[in-house]
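Novice: Chain by chain, the residues:
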Amino acid sequence: MLKITSLEKIYRTEDIETVALNKISVEVKSGEFVAIMGPSGCGKSTLLNIVGLLDDADTGSFKFNNEEVISYNERKRADLRKRNIGFVFQSFNLIDELTVYENVELPLLYLGIDADERKKRVEAVLEKVQIMHRRNHFPQQLSGGQQQRCAVARAVVNNPKLILADEPTGNLDSKNGNEVMELLTDLNSNGTTVVMVTHSEHDARYAHRIIRMLDGQVIMENVLS
Amino acid sequence: MLQNYLKIAYRTLLRYKAYTTLNVLGLTLGLTCTILIFMMVKFHLSFDQYHSKADRVVRIVSLFNSPDGEFHTPGVPAPLGDAARTEIAPLEKVSMVYNENNVTVALMEGNVPTKKFKEDNGGVFFVEPDLFSILDLKILKGNVQDLKQPNVVFLTEKTAKKYYGDTDPIGKTLRFNAQLNAKVVGIIQDFPSNTDIKGSIIASYLTRETYNPDWVKYMKNHWGGVNSATQCYALLKPNTSVAQVQKLTPAFMAKHYAKAEDRKSRLLYIQPLADIHFNDNYSGVIPKRMITTLGIIGLLLLITACINFVNMATAQALKRSKEVGVRKVMGSSRGQLFWQFIAETAIITIVAGILAYILSSTLFPLLSNWQEGLIGYRMVFAELIDLRFWIIFILTILLVIFISGSYPGFVLSGFNPVMALKGKISTQSLGGVSIRKALVVTQFVITQILVIGTIVVSSQMNYFIKSEMGFKHDAILQMPVPQNDAIKLSTLKTQLKGLTSIEKVTYVWTPPMSLSNNTTNVKYDTRQTDEKFNVNTKFADEDYVSLYGIKIVAGRNIAHIDTMREALVNEEMVKRLGEKANDKVLNKILEFNGTKVTIVGVVQDYHVMTLHGKIPPLAITSSTDMYQTITVKMNMADAQNTIKKLDKIWSATFPDFVFEYEFYDEAIGKMYQMETAMLGLIQAFALIAILIGCLGLYGLVSFMVAQKTKEVGVRKVLGASVGQILWLFGKEFSLLILIAFAIAAPAAWWVLNGWLQDFEYRISIGVGVFAVAIFVTGMIAVITVGWQSSRAALANPVKSLRTE
Numbered sequence: 049m050l051k052i053t054s055l056e057k058i059y060r061t062e063d064i065e066t067v068a069l070n071k072i073s074v075e076v077k078s079g080e081f082v083a084i085m086g087p088s089g090c091g092k093s094t095l096l097n098i099v100g101l102l103d104d105a106d107t108g109s110f111k112f113n114n115e116e117v118i119s120y121n122e123r124k125r126a127d128l129r130k131r132n133i134g135f136v137f138q139s140f141n142l143i144d145e146l147t148v149y150e151n152v153e154l155p156l157l158y159l160g161i162d163a164d165e166r167k168k169r170v171e172a173v174l175e176k177v178q179i180m181h182r183r184n185h186f187p188q189q190l191s192g193g194q195q196q197r198c199a200v201a202r203a204v205v206n207n208p209k210l211i212l213a214d215e216p217t218g219n220l221d222s223k224n225g226n227e228v229m230e231l232l233t234d235l236n237s238n239g240t241t242v243v244m245v246t247h248s249e250h251d252a253r254y255a256h257r258i259i260r261m262l263d264g265q266v267i268m269e270n271v272l273s
Numbered sequence: 014m015l016q017n018y019l020k021i022a023y024r025t026l027l028r029y030k031a032y033t034t035l036n037v038l039g040l041t042l043g044l045t046c047t048i049l050i051f052m053m054v055k056f057h058l059s060f061d062q063y064h065s066k067a068d069r070v071v072r073i074v075s076l077f078n079s080p081d082g083e084f085h086t087p088g089v090p091a092p093l094g095d096a097a098r099t100e101i102a103p104l105e106k107v108s109m110v111y112n113e114n115n116v117t118v119a120l121m122e123g124n125v126p127t128k129k130f131k132e133d134n135g136g137v138f139f140v141e142p143d144l145f146s147i148l149d150l151k152i153l154k155g156n157v158q159d160l161k162q163p164n165v166v167f168l169t170e171k172t173a174k175k176y177y178g179d180t181d182p183i184g185k186t187l188r189f190n191a192q193l194n195a196k197v198v199g200i201i202q203d204f205p206s207n208t209d210i211k212g213s214i215i216a217s218y219l220t221r222e223t224y225n226p227d228w229v230k231y232m233k234n235h236w237g238g239v240n241s242a243t244q245c246y247a248l249l250k251p252n253t254s255v256a257q258v259q260k261l262t263p264a265f266m267a268k269h270y271a272k273a274e275d276r277k278s279r280l281l282y283i284q285p286l287a288d289i290h291f292n293d294n295y296s297g298v299i300p301k302r303m304i305t306t307l308g309i310i311g312l313l314l315l316i317t318a319c320i321n322f323v324n325m326a327t328a329q330a331l332k333r334s335k336e337v338g339v340r341k342v343m344g345s346s347r348g349q350l351f352w353q354f355i356a357e358t359a360i361i362t363i364v365a366g367i368l369a370y371i372l373s374s375t376l377f378p379l380l381s382n383w384q385e386g387l388i389g390y391r392m393v394f395a396e397l398i399d400l401r402f403w404i405i406f407i408l409t410i411l412l413v414i415f416i417s418g419s420y421p422g423f424v425l426s427g428f429n430p431v432m433a434l435k436g437k438i439s440t441q442s443l444g445g446v447s448i449r450k451a452l453v454v455t456q457f458v459i460t461q462i463l464v465i466g467t468i469v470v471s472s473q474m475n476y477f478i479k480s481e482m483g484f485k486h487d488a489i490l491q492m493p494v495p496q497n498d499a500i501k502l503s504t505l506k507t508q509l510k511g512l513t514s515i516e517k518v519t520y521v522w523t524p525p526m527s528l529s530n531n532t533t534n535v536k537y538d539t540r541q542t543d544e545k546f547n548v549n550t551k552f553a554d555e556d557y558v559s560l561y562g563i564k565i566v567a568g569r570n571i572a573h574i575d576t577m578r579e580a581l582v583n584e585e586m587v588k589r590l591g592e593k594a595n596d597k598v599l600n601k602i603l604e605f606n607g608t609k610v611t612i613v614g615v616v617q618d619y620h621v622m623t624l625h626g627k628i629p630p631l632a633i634t635s636s637t638d639m640y641q642t643i644t645v646k647m648n649m650a651d652a653q654n655t656i657k658k659l660d661k662i663w664s665a666t667f668p669d670f671v672f673e674y675e676f677y678d679e680a681i682g683k684m685y686q687m688e689t690a691m692l693g694l695i696q697a698f699a700l701i702a703i704l705i706g707c708l709g710l711y712g713l714v715s716f717m718v719a720q721k722t723k724e725v726g727v728r729k730v731l732g733a734s735v736g737q738i739l740w741l742f743g744k745e746f747s748l749l750i751l752i753a754f755a756i757a758a759p760a761a762w763w764v765l766n767g768w769l770q771d772f773e774y775r776i777s778i779g780v781g782v783f784a785v786a787i788f789v790t791g792m793i794a795v796i797t798v799g800w801q802s803s804r805a806a807l808a809n810p811v812k813s814l815r816t817e
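Protein sequence lines correspond, in order, to chains A and B.
According to our numbering, the residues represented by the first sequence are 49 to 273, in order.
According to our numbering, the residues represented by the second sequence are 14 to 817, in order.
Accuracy of the hints is not assured; some may be wrong.
To be verified - Below, simulated DSSO-like cross-link-like pairs (lysine-lysine); rule was C-alpha separation at most 27 Å, straight line:
| # | chain 1 | residue 1 | chain 2 | residue 2 |
| --- | --- | --- | --- | --- |
| 1 | B | K233 | B | K268 |
| 2 | B | K128 | B | K501 |
| 3 | B | K151 | B | K66 |
| 4 | B | K161 | A | K167 |
| 5 | B | K435 | A | K124 |
| 6 | A | K223 | B | K435 |
| 7 | A | K209 | B | K335 |
Unchecked claim - Taking CB as the label site, the calculated pair distances span:
| # | chain 1 | residue 1 | chain 2 | residue 2 | range |
| --- | --- | --- | --- | --- | --- |
| 8 | B | N17 | A | Y59 | 32 to 42 Å |
| 9 | B | Q16 | A | E116 | 34 to 44 Å |
| 10 | B | M792 | A | M180 | 53 to 63 Å |
| 11 | B | Q696 | A | N184 | 47 to 57 Å |
| 12 | A | E62 | B | E724 | 11 to 21 Å |
| 13 | B | S777 | A | E62 | 35 to 45 Å |
As the list claims (entries may be wrong) - Far from chain B, some chain A residues (derived; all Cβ distances over 10 Å):
| # | residue |
| --- | --- |
| 14 | E75 |
| 15 | K77 |
| 16 | E80 |
| 17 | S139 |
| 18 | L159 |
| 19 | R183 |
| 20 | G239 |
| 21 | I258 |
| 22 | L262 |
The hints are simulated quantities; they were obtained by calculation from the structure and are not laboratory data.
For each residue, glycine too, the CB sits at the ideal point set by N, CA and C.
Please model the complete structure; the sequences and the hints are all you need to start from.
Specialist: Structure, rendered in structure tokens:
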């Protein structure tokens, strides 16, 4: 599904060059659950942002479903993103001015789906993540766990082929963290590819494969049984 | 999607109440002022444009060329109407008109007056029937042909109602100034408020002959004299241009003026109807430059409000970065985000627009009353609302939305989603400070120009009012002289002099400085031809010079004589006559209007016209027939009581008339009403522009403080004092103020110096004015920036660092 070859990303200031990704090559197959681990500053989030088409690489190749997307312009990236990728962040990133229902509905609005269909899909996904009863609440009225479940619901509401999760349990206690990981596993078992950045060995064990990074390079891969 | 935009816009605005309030308030203020100014400009531009043949209507006015410049008057020689009608072919219709204000109108029952009214607003308008073909004057009752007879009048609906209530006024008799009876033969529709050509009573032009026999004797068939109230309107034939008619006037004048110098100095100007309201050479009420000034101020206010909006919205952008990031991640395109922010701007602008409409319709009557008090025109808000207003209003709202919303929209939608989600949007990401700095500089420039403008206009006004006019004007009260009966006048003067609170009494045609002036050509001594300049003539008795404190510098005062025999002239006249010393003119003969008088004295120059004009050559002579005003110098200790006594004596002398009085100081103030009006408007709108600017600055400083929270914390931890922290913010604004000043000062000087050139006597723009401007803007910045930045400076550094 994802094929990254010799990808390089360098952050430049006037005096300093920081190599975030150093000719990295990674492949993720459709239906896989991959965890990316490594110390802070190793480039794992940068990799995730490039995979999510939120950031550019300097050189290298990135194929999404066999299509080279590295040279896509902003409009094409936005289009590909909204049709194929769901995001889950450590800090939830819900829009404070929208209710749970409206936050989850947002990706469908950008896809231009009609109101009836939207209602059906949003309600279904809210049922699935068990926050239907909080549908009219605003994010700040929810617990951390509920907020992350809402964020997961938002990520999956448009049935994306790929979910990118950036430390999804980082701000949660273990009970809520486990619930979110169960949700991701459940989605993966239904065919959604999941790529997750994490510091937690516990969370990483939910994945099929762990990619370990250091200084912008892959230093090890572990396949879990 | 739009619903989602509006929903989030609504909730965001509710959430950031202070931001929303400041923005709505700033825009509302800006838009309110813009609407008020627009309405005022629209009202004045609409003057007399409602006449169906407005583009073909002209007024023929006079222009005198003399070595000291041009002299303009809307008046024409009395015989011009009849001559133009037959001799200037492109004129389809011609009507002479004459407007007489301050007429006492008595309603007659048989030969007994029952009620008296003073008609001073528009007064009695003597017209020829052809005026009804030139202008759209709607007759409700009666026949226009009746105006071919003398001593007949039409009343406006309002006047008819005022005089007779619901009774039919047709056939009733009115008496003007206790001397002429006229019959009411018709009613015409009331004049709208946006016309300069009007009267409360429309009298037939022939009535003027019986009303004023002296006019028949001296003026009717004379091409020499011009009275500014005797005017001529004409309708051009279709497809004739004003220029075509203008070309015919020299030949026309040549026919009626035998002397070469008259032909050279006397010109006619064909004035289009659209020019009448604005041409102050010909008594136009409001000069075009004032309309332009108002329009520019309106525009500046709107720009200030927009800049304010952009500054605040961009500053606010930081708080929206996460939302932008999330939306981008969810697949929003830049265009979709842009339109989302435009939708938010639209909500604020539309709310501000609605509030501004309500506020302006509420404030408009105040503006109208104020204008009516100054220049006598009432504006009605509802009458000015038409399709054109709505089109311009909606276009302005759209323009404001686009101008104010597009920059913040552009900046916000351009955020990098990764940086936005991490909360790492920096000042640079907000389009750099440079654009916003430029906007702040623009706001400072506008503020400084308005401050400098206000100071200069105020100083010029004060200079007018307080400068030495060359005569005394305090504690002087003036009353009209409705009848020039020599015995009555003499008795009245004796009675008034008998009052202990009255120090001096004099009869005058008009006081020393007046808007009514009479000019004529003169012959001096034994010279065979008229002098090349016109002389301003004043009619007054022997007490004139002492009452007004005018100094006699050579010879003696005029004696107590009822007719024109002796004259005083001013020093300017002596110079113009080419005499080397004042006493050279003494006992010489001066001939004007066919009458010879002896110059017995020379008075020191004093201002005859407002300080707009130069001091002209002047002759003062006595003539009981010409006195229109009785003036008293009174002791102000018991003024009310004295006025009561004056009323009693005056009313006993003129029982058929209504007593009225005016203090001369007030009358002088009225001569500067246009400047007062302009000053008031500039002051009010400048203040509002400054206020809006303050709101914008406040928003910007809040943003800067938020941006520098960490920097302030670090600096404080490292030992920076409060003063040093304040200077961190202050230095940036000091530089912006200086840059603004470098732009505003020369621009303001250029504009205002041009404005001052209109005044013969004027102030010079000193360095002090500019110092005040920079000080005022500095203070504004200190107050707005100071409060916010001192909060930052006094904050606990631990807290600010933790925030980061």
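Novice: Hint by hint, where does the structure go against what was stated? Just the numbers, ascending.
Specialist: The structure breaks hints 4, 13, 17, 18; every other hint is satisfied.
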